[in-house]
Structure formats: C-alpha cells, structure tokens
Amino acid sequence: AQTVTQSQPEMSVQEAETVTLSCTYDTSESDYYLFWYKQPPSRQMILVIRQEAYKQQNATENRFSVNFQKAAKSFSLKISDSQLGDAAMYFCAYERDDKIIFGKGTRLHILP
Amino acid sequence: DSGVTQTPKHLITATGQRVTLRCSPRSGDLSVYWYQQSLDQGLQFLIQYYNGEERAKGNILERFSAQQFPDLHSELNLSSLELGDSALYFCASSVASMTALNTEAFFGQGTRLTVV
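Same order as they appear, the protein sequences are chains F and U.
Be aware that the first sequence starts at 2, since it is given in the working numbering, and climbs by one per residue.
Be aware that the second sequence starts at 331, since it is given in the working numbering, and climbs by one per residue.
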C-alpha cells in the first residue's frame with residue numbers, strides 16, 4: 002500500500018530565509034502525481050505545487066519549488082524568501098487513479 | 331473564497347447519532363472529494379464522486395456513506411457516531427478527475443464535527 006511520510010511535525014524559519022519541508026512516499030507504481038497543499042488558519046486547503054512523476058524536471062511556482070527524487074521516493078518543498086503569510090500547515094500528497102494519500106502535515110512557523 | 335461551500339461549519343452531536351454533511355462544488359465542477367482530517371490520522375481521503383457516480387474509494391468506514399445528486403452537490407452521511415469520528419471533514423471539487431493534466435482541486439472550509 003502506498004504511504005506518505007512527513008517526518009517534521011513542526012518547523013520554524015526566519016522571515017526572508019529559505020526553508021525545506023521533507024516528504025517521502027512509498028509506491029510500486031511508476032506513474033503518479035505528487036502535491037503540496039497549504040492549509041492556513043482559515044482551514045481551506047490551497048494547492049501549492051504539483052509534480053507529475055514522469056517529468057524529471059522539478060516543478061516551480063514563484064517562491065515555491067520542489068526537489069523530486071524519484072528513485073529515492075522523496076518530494077521536498079523549498080520555500081524561498083519566506084513571508085509571514087506562508088505560516089500554515091503543509092501537506093504532502095500522493096495521487097494515482099483518483100485516490101489520494103496525504104502525509105500528516107508539517108506546521109510551518111514564520112519568525113518576524 | 332474557493333467557491334466550494336460546506337454546511338454546516340460546526341456540528342456537535344452525541345454518540346450513536348447520525349449526521350449529514352453537505353457540499354456544494356464550484357460551478358462547473360463535476361468531481362467531488364471528501365476528506366477527514368483528525369489529529370492522529372492526519373488528512374485522509376474518503377471517497378470521490380464524478381458526475382453522480384462513485385469514482386474512487388479511500389479509507390471510508392462502512393458507517394459512512396456519500397452520494398452526489400443530479401445538481402452535483404454531495405452529502406456525506408455519518409451514522410452510529412463514535413467519539414473517534416470527531417474531526418474536520420473537507421469537501422473538494424474539480425472540473426475533472428484529479429489525474430487530468432492541469433486539474434486543480436478546490437477545497438471548502440470544512441465542517442468541524444464534534445461527537446460527545
């Protein structure tokens with residue numbers, strides 16, 4: 002069965018600095034999707050970034066980028082120039098055939 | 331505002347009872363997904379409907395059921411409630427199935443269920 006592991010329950014970063022959130026997953030499939038979702042205090046879930054497993058190039062969205070290591074089954078999220086609005090819970094997710102598995106989340110604190 | 335509406339926002343009920351959570355997807359979205367977020371289990375996928383039909387099933391208990399109506403709104407029914415069912419229940423919608431390229435899921439604000 003597929004699993005998603007986020008080993009950092011909480012992290013803190015100074016404003017304007019860079020932080021990396023870790024995510025590993027386990028699957029025997031070769032074709033799948035990976036996501037990072039952000040859940041701010043409003044409780045809504047916001048898609049941050051998506052990666053297709055068949056693409057070798059790491060996805061990037063403005064200050065957010067991923068380091069996708071398919072062989073190592075690792076999918077970390079890098080947030081550059083951290084801003085106070087980045088404070089939230091971040092969930093890593095694996096999806097294939099419309100079934101989605103989420104990690105338990107990492108709470109990110111931004112220190113002013 | 332994601333365009334996905336969930337009601338009610340908060341629900342308190344006793345063990346053994348049955349509740350219905352409602353989700354209205356974004357206009358034009360055919361897929362509806364239900365998730366449960368609890369402290370110990372994290373965020374879990376429960377079930378997906380696409381245009382009225384069940385499309386994918388996750389870790390959904392037999393005491394739980396869902397359906398999607400012709401107007402595409404969805405309801406999640408939770409019965410014989412237990413203390414452990416207390417959680418935040420999210421609904422999300424997307425235009426197509428999430429595996430479609432460039433398809434993003436939009437989440438509602440969730441329903442906080444407290445079983446006492």
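FYI, nobody ran anything at the bench for these hints, they're computed from the structure.
For every residue, glycine included, the Cβ atom is placed at its ideal position computed from N, Cα and C.
Be aware that a few hints might be false.
Straight-line Cα separation of at most 35 angstroms, DSBU-like style, residue types lysine-lysine; simulated pairs [stated by the list, open to error]:
#1 74/F with 387/U
#2 79/F with 387/U
#3 71/F with 339/U
#4 387/U with 100/F
#5 79/F with 56/F
#6 339/U with 100/F
#7 56/F with 105/F
#8 56/F with 100/F
#9 105/F with 74/F
#10 79/F with 339/U
#11 74/F with 100/F
#12 387/U with 105/F
#13 339/U with 56/F
#14 100/F with 79/F
#15 56/F with 71/F
#16 339/U with 387/U
#17 56/F with 74/F
#18 387/U with 56/F
Interface residues of chain U toward chain F, partial, derived using beta-carbon atoms under 10 angstroms [claimed, not checked]:
#19 358
#20 375
#21 378
#22 381
#23 382
#24 386
#25 387
#26 394
#27 399
#28 400
#29 420
#30 436
Computed far set for chain U versus chain F, every beta-carbon distance over 10 angstroms [as the list claims (entries may be wrong)]:
#31 332
#32 350
#33 352
#34 373
#35 388
#36 410
#37 413
#38 414
Going down the list of hints, with the structure as the test:
no.: 1; hint: 74/F with 387/U; result: holds, 24 angstroms
no.: 2; hint: 79/F with 387/U; result: holds, 31 angstroms
no.: 3; hint: 71/F with 339/U; result: violated, 39 angstroms
no.: 4; hint: 387/U with 100/F; result: holds, 7 angstroms
no.: 5; hint: 79/F with 56/F; result: holds, 18 angstroms
no.: 6; hint: 339/U with 100/F; result: holds, 25 angstroms
no.: 7; hint: 56/F with 105/F; result: holds, 25 angstroms
no.: 8; hint: 56/F with 100/F; result: holds, 20 angstroms
no.: 9; hint: 105/F with 74/F; result: holds, 17 angstroms
no.: 10; hint: 79/F with 339/U; result: holds, 33 angstroms
no.: 11; hint: 74/F with 100/F; result: holds, 18 angstroms
no.: 12; hint: 387/U with 105/F; result: holds, 19 angstroms
no.: 13; hint: 339/U with 56/F; result: violated, 39 angstroms
no.: 14; hint: 100/F with 79/F; result: holds, 25 angstroms
no.: 15; hint: 56/F with 71/F; result: holds, 10 angstroms
no.: 16; hint: 339/U with 387/U; result: holds, 24 angstroms
no.: 17; hint: 56/F with 74/F; result: holds, 14 angstroms
no.: 18; hint: 387/U with 56/F; result: holds, 27 angstroms
no.: 19; hint: 358; result: violated, 17 angstroms
no.: 20; hint: 375; result: holds, 4 angstroms
no.: 21; hint: 378; result: holds, 5 angstroms
no.: 22; hint: 381; result: violated, 13 angstroms
no.: 23; hint: 382; result: violated, 15 angstroms
no.: 24; hint: 386; result: holds, 4 angstroms
no.: 25; hint: 387; result: holds, 8 angstroms
no.: 26; hint: 394; result: violated, 16 angstroms
no.: 27; hint: 399; result: violated, 20 angstroms
no.: 28; hint: 400; result: violated, 21 angstroms
no.: 29; hint: 420; result: holds, 6 angstroms
no.: 30; hint: 436; result: holds, 8 angstroms
no.: 31; hint: 332; result: violated, 6 angstroms
no.: 32; hint: 350; result: holds, 20 angstroms
no.: 33; hint: 352; result: holds, 17 angstroms
no.: 34; hint: 373; result: violated, 4 angstroms
no.: 35; hint: 388; result: violated, 6 angstroms
no.: 36; hint: 410; result: holds, 25 angstroms
no.: 37; hint: 413; result: holds, 20 angstroms
no.: 38; hint: 414; result: holds, 16 angstroms
Of the numbered hints stated above, those contradicted by the structure are hints 3, 13, 19, 22, 23, 26, 27, 28, 31, 34 and 35, listed in ascending order.
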